[in-house]
Amino acid sequence: MYYPYTNRDLIESPITYEFSQYCGIDGLKAYEADRENMLSFLATIKGGTFEQELPLQPDNNDIFYSEFTFRKLLQKLKSNRTDEEDYKLIELFIKKFEVSKKLWTMYTKNNYQKMGEDDNLQIYCLFANILGEYYDLVELPEKKMIAFNVLLKINDTLSAVKEKLLERQRLLAVSAIKKEKDIYSAILSEVNI
Amino acid sequence: MSYAIMLTDNNRSRAYIQNLVRTGFVPKTAIVLGNNWDMKSKTELQIGKIPMIDEWFDCNESVYETLLKAEIDYKTIDTKNPNEETVVKSISEINEKSLIYSGPGGIILKEPILSQGVRFFHAHPGILPQYKGSTTFYYSMILQQKIGCSVIEMALKLDSGDVVYEYEFVIQSEPHDYDQVVDPLVRTHTLIEWLKSVDGKPTESKKRVQNSDGNTFYIIHPVLKHLAILKTQNTGNGGSGE
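Line by line, the protein sequences are chains R and L. Heads up: take any position in the first sequence, counting from 1, add 24, and you land on the working numbering. Heads up: take any position in the second sequence, counting from 1, add 300, and you land on the working numbering.
Note that these hints are calculated values from the structure, not bench results. Some clues are possibly wrong.
Residues from chain R that face chain L, not an exhaustive set, calculated with beta carbons under 8 Å [unchecked claim]:
#1 Phe88
#2 Pro165
#3 Tyr208
#4 Ile211
#5 Ser213
Since this is a predicted model, take the numbers as computed values, not measurements. C-beta: ideal position from N, C-alpha, C; glycine also.
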């Protein structure tokens with residue numbers, strides 16, 4: 025069987041995941057194959073570095089620039105320098121993605137209304153990595169599960185358009201998929217299959 | 301019995317109304333949202349016995365058929381939006397002071413429908429405040445190997461009303477049945493146990509749990525759904541309510 029959640033561009037045509045079909049072990053095998061396929065595809069491409077310089081500080085204080093903020097946030101998470109406000113921001117964007125299945129390049133700073141474009145894959149790659157780090161840092165199992173649920177959906181979005189990923193996005197995508205695999209394996213080990 | 305019920309013709313509402321009638325907790329009146337009674341759309345779904353749940357339902361019997369058989373007064377409103385003016389007007393006209401809500405899922409009730417002098421009660425498939433939001437029973441199957449259900453008095457914020465009753469189940473069922481059978485029956489069983497606890501008078505309900513914080517879950521990803529169901533296949537049976 026095939027994995028039916030990555031067979032079209034999910035940014036152009038999002039899916040709700042409502043009443044998804046249960047297919048037993050075969051369903052999990054199809055998912056594993058999709059992710060292996062993505063990793064194999066991305067492994068064929070060389071180049072790029074994971075750590076990149078921050079983009080220049082945007083000059084409009086009324087606008088939330090997703091790429092700039094997400095990159096800064098990811099660095100903070102990796103160096104364990106986060107505070108409560110960072111967690112609130114991540115949880116806000118979990119909600120935003122779950123509601124629309126999209127992330128925009130910009131938002132208004134006062135009430136986070138979407139602005140700009142919804143198809144910048146860098147934003148999706150960065151947020152997927154943020155979720156991986158957040159998963160490790162939060163203590164509540166419920167919060168971990170909420171984060172993993174979004175990570176799976178964002179990685180579906182990336183897997184569906186893997187051919188479109190730019191060089192600088194590929195390593196971020198690989199890192200997000202590998203993190204997802206680790207979490208999945210840990211949960212799977214608790215299931216007696 | 302003096303309460304009303306709001307239904308939409310889906311499996312959840314079918315399970316509710318059939319079992320409320322069967323157990324004698326018959327609502328005085330019903331408001332049915334949507335006008336899609338289609339006798340031809342029979343389903344092949346088989347409702348098997350689920351451990352710890354006495355209730356069952358005929359998924360091919362529409363809510364309209366049950367209401368007619370039980371001679372319950374009902375009004376149909378051709379909308380799927382419970383916040384619409386016509387629905388608000390109908391609520392303001394009923395005599396009952398409490399209503400069991402089984403309208404379309406995923407809709408947050410807004411003012412003015414909640415300020416018509418009628419208390420709205422809803423069965424949410426999760427223990428609160430830990431499990432707010434959507435498809436929560438799958439998450440609790442993964443994290444706790446059990447399903448919780450709470451009866452809440454509905455408030456403006458999603459799943460944040462006062463909890464008046466809760467019940468926990470450890471369930472092993474046919475894996476395909478969770479969305480269409482287990483979910484409706486878990487809610488139905490909890491509603492009936494709650495009605496028993498208040499002698500069929502919802503207005504006698506009292507707040508039991510502080511429900512202001514908590515976690516909001518969103519529709520479960522298929523991979524997590526698979527893991528939840530597979531994990532549950534190896535658990536035992538049991539349940540308790542309070």
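Results for each hint:
{"no.": "1", "hint": "Phe88", "in the structure": "22 Å, violated"}
{"no.": "2", "hint": "Pro165", "in the structure": "5 Å, holds"}
{"no.": "3", "hint": "Tyr208", "in the structure": "7 Å, holds"}
{"no.": "4", "hint": "Ile211", "in the structure": "6 Å, holds"}
{"no.": "5", "hint": "Ser213", "in the structure": "11 Å, violated"}
When the structure is compared with the earlier hints, violations turn up for hints 1, 5 and for no others.
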